[in-house]
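Visitor: Sequence:
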Amino acid sequence: MPHLQRLELIVNCEGNNNLSHGDRWKIFVLERLPLLKIFNFKFRLENVYRDEQSMLDHFRSPFWLNENRHWFVAYDHRRSLLFTVPYFAPHSTVYSEIPVMPHSTTLPIEQHAIFYNMITELTFDSVKEEPSYRYTQIEKLVLVSPKINEGLIDLSRVQHLCVNSSSGSLDMIVQLIQHSMPRLNQLSINCKLSLICSASIIPLEQIRILHMPFFAYSSSDKNFDWSHLFSRVERLSITVNSRHEMVFFIDRFENMSYGSFIVNNCCINARRNLREPQVTREWLVENTYRLTKIDNNNFSCRFDDINSFTVHLWIGESSKQYTKVDHKSSMPS
1 MPHLQRLELI VNCEGNNNLS HGDRWKIFVL ERLPLLKIFN FKFRLENVYR
51 DEQSMLDHFR SPFWLNENRH WFVAYDHRRS LLFTVPYFAP HSTVYSEIPV
101 MPHSTTLPIE QHAIFYNMIT ELTFDSVKEE PSYRYTQIEK LVLVSPKINE
151 GLIDLSRVQH LCVNSSSGSL DMIVQLIQHS MPRLNQLSIN CKLSLICSAS
201 IIPLEQIRIL HMPFFAYSSS DKNFDWSHLF SRVERLSITV NSRHEMVFFI
251 DRFENMSYGS FIVNNCCINA RRNLREPQVT REWLVENTYR LTKIDNNNFS
301 CRFDDINSFT VHLWIGESSK QYTKVDHKSS MPS
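Using the working numbering, the letters of the sequence shown map in sequence onto residues 1 to 333.
Note that these hints are calculated values from the structure, not bench results.
Be careful, since some hints might not be right.
[Said to hold, decoys possible] Derived SDA-like pairs: lysine to any residue, alpha-carbon spacing no greater than 25 Å straight-line:
no. : residue 1 : residue 2
1   : K192      : I207
2   : K140      : I209
3   : K42       : P2
4   : K147      : T123
5   : K42       : Q53
6   : K222      : Y289
7   : K140      : T93
8   : K293      : R252
9   : K140      : D76
10  : K147      : C162
11  : K37       : S104
12  : K37       : H21
13  : K192      : Q159
Based on the sequences and whatever the hints tell you, model everything.
Guide: Here it is as structure tokens:
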């Protein structure tokens, strides 16, 4: 190992506190790895008996910070993690939490923007005060608070939006996407959001993946054409209240290659289901216009009936990688 030039160490289990002694690492490197140029590590420590300041002081010597190395270190007390930056800087955070405190890293304060620039997944919960930084690399945004200041986040890079707050509305979300998120292609509405939308709304053609696990529990306009708003969706995951709703989505979402339809358990009437036709592959072909006209029935399906009844559907090219499962089950109309 004396010729080793690059070393990366990860200890995910609760490591011994000896791992946090910078002086011991210095001796090890000088004696055993004299040619080492790149050293990155991430240690999860078991019990930290020293404060952050005294721990990091061991990593502030010229050995760690000279111009030939620049081996900067940070400590996250919430997760008991000691790691090198920027290599192991976190890629996700909650907005109300400060990614780095001046006393928790050896990185010069003028370079602290590195921590914010490394964040690609942000949970936006609230704004307690106006910060002096801006997130510029966010690809996945989770909205817990509907009120968002676009000056705090560069929304133009967001590709996946998760809406976890029911205090907003679909209109508000659609306008936010249209005005500020040109790269967005995946939308997850993970709450009981008001799904009543403006009739004159412009379609969100950029959305390719749509998750609506609370659709069956949300207030919505039954006459609203969801396939018009999300006209280019290829992967759809949604709760439905009936077989009729499922058939509607299969037929109207013409670009859908995968669909997952979960039946709202509150709508299941066991006694009525005994008289309902069983949902099978043949039933899907007979009752959906889209599957009826597909050449050679070019689709695959799977039915799950463990916790809740779910229909999985693969259409076209995507169906070739799945085996057809014709499991019979009952489902409300």
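Visitor: Run every hint past the structure and note whether it holds.
Guide: Now for the hints, and whether the structure bears them out:
1. Annotation: proposed proximity of K192 to I207 holds, straight-line Cα distance about 20 Å (limit 25 Å).
2. Only pairs whose Cα atoms come within 25 Å are accepted, and K140 paired with I209 is accepted, the gap being roughly 13 Å.
3. For the hint pairing K42 with P2, the CA-to-CA distance comes to about 22 Å; that is within 25 Å, so the pair holds.
4. Taken as a hint, the K147 and T123 pair is honoured in the structure, with Cα atoms around 13 Å apart against an allowance of 25 Å.
5. With a C-alpha separation of about 18 Å, the suggested pairing of K42 with Q53 holds against the 25 Å cut-off.
6. Taking the CA atoms of K222 and Y289, the gap is near 20 Å; set against the 25 Å cutoff, the hint holds.
7. Note on K140 and T93: the hinted pairing holds, with a Cα-Cα distance of about 11 Å set against a maximum of 25 Å.
8. Between K293 and R252, the direct Cα distance comes to roughly 14 Å. Compliance with the 25 Å bound is thereby established for this hinted pair.
9. Only pairs whose Cα atoms come within 25 Å are accepted, and K140 paired with D76 is accepted, the gap being roughly 22 Å.
10. Between K147 and C162, the direct Cα distance comes to roughly 14 Å. Compliance with the 25 Å bound is thereby established for this hinted pair.
11. Distance hint between K37 and S104 is fulfilled; the C-alpha atoms sit about 24 Å from each other, no more than 25 Å.
12. In summary, the hint linking K37 to H21 is supported, as the alpha carbons are separated by about 19 Å, within the 25 Å threshold.
13. With a CA separation close to 22 Å, the supplied pair K192 and Q159 stays within the 25 Å bound.
The structure is consistent with each of the numbered hints, conforming to all of them.
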